Amino acid sequence: DVKVTQSSRYLVKRTGEKVFLECVQDMDHENMFWYRQDPGLGLRLIYFSYDVKMKEKGDIPEGYSVSREKKERFSLILESASTNQTSMYLCASSPRQGNTDTQYFGPGTRLTVL
Amino acid sequence: RKEVEQDPGPFNVPEGATVAFNCTYSNSASQSFFWYRQDCRKEPKLLMSVYSSGNEDGRFTAQLNRASQYISLLIRDSKLSDSATYLCVVNWNNYGQNFVFGPGTRLSVLP
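Chains as they are written, first to last, in my numbering: chain P, 4 to 117; chain E, 399 to 509.
What the hints contain is simulated information worked out from the structure, not anything from laboratory work.
The structure displayed is predicted, hence computed values, not measured ones.
All C-beta atoms in this analysis are idealised placements derived from N, C-alpha and C, irrespective of residue type, glycine included.
Hints should not be assumed to be uniformly reliable.
As the list claims (entries may be wrong) - With a straight-line cut-off of 25 angstroms between C-alpha atoms, the simulated DMTMM-like cross-links for lysine to aspartate or glutamate are: (1) P/K60 / E/D455; (2) E/K440 / P/D62; (3) E/K443 / P/D41; (4) E/K443 / P/E82; (5) P/K16 / E/E401; (6) P/K56 / P/D41; (7) E/K477 / P/E75; (8) E/K443 / P/E20; (9) E/K443 / P/E59; (10) P/K60 / E/E403; (11) E/K477 / P/E72.
Said to hold, decoys possible - The calculated label-pair distances, taken between Cβ atoms and stated as ranges, are: (12) E/E413 / P/S10: 47 to 53 angstroms; (13) E/G414 / P/S10: 29 to 35 angstroms; (14) P/T89 / E/E403: 25 to 31 angstroms; (15) E/G414 / P/T89: 38 to 44 angstroms; (16) E/L478 / P/R76: 22 to 28 angstroms; (17) P/R99 / E/N410: 36 to 42 angstroms; (18) E/A465 / P/N87: 39 to 45 angstroms; (19) P/K6 / E/N491: 40 to 46 angstroms; (20) E/N453 / P/R99: 39 to 45 angstroms; (21) E/L508 / P/Y13: 41 to 47 angstroms; (22) E/E413 / P/S85: 28 to 34 angstroms; (23) E/R439 / P/D62: 33 to 39 angstroms; (24) E/N491 / P/R76: 18 to 24 angstroms.
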C-alpha cells in the first residue's frame with residue numbers, strides 16, 4: 004500500500020510564526036501536492052512538484068512556499084502565518100505514468116493560527 | 399464557472415435505499431475520472447476509477463458520459479457505513495498532475 008505521512012496531525016501556531024509542514028511518501032512517486040481544505044470551498048491546490056527541486060504554483064500559492072530536496076519529501080512553508088491560514092492541509096502523491104492512476108493522500112494536518 | 403460541479407446535498411437516505419450522485423466537468427480534454435470518499439476529519443480515499451464503459455464494484459456503479467461531460471455514482475442497498483462525503487475528481491493531464499476536485503456531496507444513511 005502507498006503510504007503518505009505528514010509530520011503532525013494537529014498544530015497550533017501564533018500569527019507571524021514560520022510554519023513547516025512535512026510530507027513523506029514511500030512509493031517513489033514523481034508528483035507531490037499540497038492542498039488546503041476548508042468548509043464550503045473543497046480542496047484547493049497550493050503547490051505541486053513533479054520532480055526534485057521542481058515546483059509549480061497551484062490555485063492559491065500566496066503566503067506559501069514549498070521545498071522538494073528529495074524525491075520522497077515535500078515541505079510546505081508558511082513564512083509568516085496568518086489567521087486566514089487556519090485550515091486542514093493535505094499532502095498527496097501520484098506517479099507520473101499516464102492517466103490511469105490517481106492521488107494518494109496523507110492523513111492531513113489541522114493547523115490553527117491564533 | 400467551476401471546473402467540476404456536484405449535487406450540493408446533503409442526501410439523507412434510509413438504510414437499504416439506492417442513491418445517485420451526479421457530477422459535471424467543464425474541461426472537454428479531461429482524461430481520467432474518479433470518485434473519492436472522505437469521512438469526517440479524514441483524508442480523501444479513492445473509491446473507484448470511472449471508465450468509459452462504466453464500471454461496477456459491489457454495490458457501487460460509476461458511469462461516464464464524455465459527450466455530456468457527466469459522471470455519476472450509484473450506491474445500491476445503502477449501509478450506515480456509507481455515510482461520508484463523495485468527491486468527484488477529474489484529471490486532464492497525462493502525467494498525473496492536474497487533478498480537479500469537486501466540492502463534494504455529503505451522504506447520511508439513516509437507520
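Going down the list of hints, with the structure as the test:
{"no.": "1", "hint": "P/K60 / E/D455", "result": "36 angstroms, violated"}
{"no.": "2", "hint": "E/K440 / P/D62", "result": "22 angstroms, holds"}
{"no.": "3", "hint": "E/K443 / P/D41", "result": "17 angstroms, holds"}
{"no.": "4", "hint": "E/K443 / P/E82", "result": "30 angstroms, violated"}
{"no.": "5", "hint": "P/K16 / E/E401", "result": "33 angstroms, violated"}
{"no.": "6", "hint": "P/K56 / P/D41", "result": "28 angstroms, violated"}
{"no.": "7", "hint": "E/K477 / P/E75", "result": "37 angstroms, violated"}
{"no.": "8", "hint": "E/K443 / P/E20", "result": "32 angstroms, violated"}
{"no.": "9", "hint": "E/K443 / P/E59", "result": "24 angstroms, holds"}
{"no.": "10", "hint": "P/K60 / E/E403", "result": "23 angstroms, holds"}
{"no.": "11", "hint": "E/K477 / P/E72", "result": "45 angstroms, violated"}
{"no.": "12", "hint": "E/E413 / P/S10: 47 to 53 angstroms", "result": "39 angstroms, violated"}
{"no.": "13", "hint": "E/G414 / P/S10: 29 to 35 angstroms", "result": "42 angstroms, violated"}
{"no.": "14", "hint": "P/T89 / E/E403: 25 to 31 angstroms", "result": "27 angstroms, holds"}
{"no.": "15", "hint": "E/G414 / P/T89: 38 to 44 angstroms", "result": "40 angstroms, holds"}
{"no.": "16", "hint": "E/L478 / P/R76: 22 to 28 angstroms", "result": "39 angstroms, violated"}
{"no.": "17", "hint": "P/R99 / E/N410: 36 to 42 angstroms", "result": "41 angstroms, holds"}
{"no.": "18", "hint": "E/A465 / P/N87: 39 to 45 angstroms", "result": "41 angstroms, holds"}
{"no.": "19", "hint": "P/K6 / E/N491: 40 to 46 angstroms", "result": "24 angstroms, violated"}
{"no.": "20", "hint": "E/N453 / P/R99: 39 to 45 angstroms", "result": "24 angstroms, violated"}
{"no.": "21", "hint": "E/L508 / P/Y13: 41 to 47 angstroms", "result": "31 angstroms, violated"}
{"no.": "22", "hint": "E/E413 / P/S85: 28 to 34 angstroms", "result": "44 angstroms, violated"}
{"no.": "23", "hint": "E/R439 / P/D62: 33 to 39 angstroms", "result": "23 angstroms, violated"}
{"no.": "24", "hint": "E/N491 / P/R76: 18 to 24 angstroms", "result": "23 angstroms, holds"}
Hint compliance for this structure: hints 1, 4, 5, 6, 7, 8, 11, 12, 13, 16, 19, 20, 21, 22 and 23 are not met, and every other hint is.
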